[in-house]
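Using the hints, position chain B against chain A.
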Amino acid sequence: MLVFGGIALIAAGMLFGDIFAVFVLHQNGGQTGQALLGAANAVAAQDSSAVKVAFARIGNLLEDRGTKVDAHVHMIDAGYLALLLALLQPYVNLSSSSKKLLARLFLSGALLLPVGIFLIHYVGLAYSPFPVIGWASVLADSAGALLIIVLLIEGWGFRNYMRDGNATPVEPELPKDRTWERRMLLSGGTVLVLLGFVYGAWYAGINLYEHENREMVILKNLLEQPAGAGGIGSSVNAYGMLQAEKAVQIAAHSHIIEFGVLAILLSFVQPFVFLSEKWKRIWVRILLAGSLILPVFVLLELKLGLLAGAIADVGGLMVVVALVGMLVGVVRHTGSLDAEPGRAR
Amino acid sequence: MNRARKVLIFGGTLLAAFGMLYGLHYAVFVEHQTLDGMGGSLARAFTNAGEGRAGDSRLALTAYRDIKYTYVRQVDLHSHWIGLAMLMIVLGVVFDEVAFGERARFAIALAMLLGSIVFPLGVILQTARMAGLGSVLAIAGSAIVIGALGATAVGFMKDDKGGAT
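Each protein sequence line maps, in turn, to chains A and B. So for the first sequence, my numbering puts the first residue at 593; every next one is plus one. So for the second sequence, my numbering puts the first residue at -14; every next one is plus one.
Keep in mind that the hints are not guaranteed to be accurate.
As the list claims (entries may be wrong) - Not the full set, but computed from the structure, chain A residues with beta-carbon under 7 Å of chain B:
#1 Gly651
#2 Leu676
#3 Val724
#4 Ile740
#5 Ser779
If you are wondering where the hints come from, they were derived from the structure by calculation, not from laboratory data. By construction, the Cβ of each residue, glycine as well, lies at the ideal position given by its N, Cα and C atoms.
Excised from the complex, chain A in its bound form (with noise of 0.2 Å):
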């Protein structure tokens, strides 16, 4: 169950963040641009008014923006979860029973928390007791807090299994196996998260401060243009590309971590995959293509424009391709539990 939600999980967060960045991310960015303009413009012509209508769509884009990658990291990150708790069953002393209505309220919760972050911009304040906090909130705060009450019973289930010494594992382990699937996932992986570790290191090092010093240089440059001004819109721009040049760097430096670390899980769920060894191959293969490609593309949108933001969609949908024929492969192998021992073809 948790390997099945797992893997679903992170298809559906994956294939909705590719939604979300060729239908929505780039229309956002350019529309808080123009609101930014018309702020600007408000500001030179000292109508207030006008200032407080700009920020107040400002305000609403950025929230919309924000609650979708919110929803998006958040199913995914779940679903990271669920696969780390597969792992994990083994080692976990409580009776199966429980386990099979732990793993169900995590999958509800897992569920419920990126619905809820995404409800956020449309459900708003409306009908709520609290001065900040919207229902949508309460229901994505809810079922964080299910998690890590789940998450925690798991811990002291794995506490009472450290405690006994000479403890087996109340589950068989999973297989051992040295396949080339499970080694180049492995290896692959690590690398993948070596390699954004260092990109991070050296974004912290040398963009993080420079990017907040000439957000603020831009921004005193707005304010200070006077009526008519035509350095407002050059301002503007120059503020447009610092928020792309930020999302494309932070977008890299997370994604080719996270696609590490899945490739990583993934190859622990290799003997639960029941296909052929060639579709294996053909999968893990597309899995660590693709999960090149979109980072490495997405840091080269600002040089090379929609054509690298196009195959750095190409390269998301890969993965989810790749998972989506993996999770074939573990419905299949549920299916073979069942039926008598078959040949996959």
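Coordinates of chain B only, in the frame set by chain A:
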């Protein structure tokens, strides 16, 4: 289960739970107010400028810069703590396949745990008027994690002809 795996799995689980509790606390008690303060101060900077009050506008812009500086690091702290914890647990499951001796594996696992605690701790100290010490800890923590991860990658690559245990 050997010592290295215990350090990674148990340490990672504790870190993940701690990071999630911090995130829950932050989401309920801090984030909405912080976002309101950040958006509000930027809007005030523009509104004040629109009303010709340049001094108030500059003050609001400075407030925006300070709130955003803290916000970015607090969110980074939450995500990096949980991310590193998850990585530790994942590596813990498969750490027997790192082709080094038990002592070396234990040292790598300890380095992963140490770096995963020190790096986010340095990030949060940057928001508590200890930017210098925070930066030193964050750099040291990330260097330790990168070193440990590099050693792990080498261990996995060496292990081509069978498990280490």
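Evaluation of the provided hints:
1. With its C-beta approaching chain B no nearer than about 5 Å, Gly651 (chain A) sits inside the 7 Å limit, and its interface hint holds.
2. The beta carbon of Leu676 (chain A) is positioned within 7 Å of a beta carbon in chain B (closest approach about 5 Å), and the interface hint is therefore held.
3. Interface hint at Val724 (chain A): satisfied, since its Cβ lies 4 Å from the closest Cβ of chain B, which is below the 7 Å cut-off.
4. Here the hint on Ile740 (chain A) is kept, as its CB sits about 5 Å from the closest CB of chain B, short of 7 Å.
5. Interface restraint check for Ser779 (chain A): the shortest CB-CB distance to chain B comes to about 5 Å, inside 7 Å, so the restraint holds.
In the structure shown, no violation is registered for any of the earlier numbered hints.
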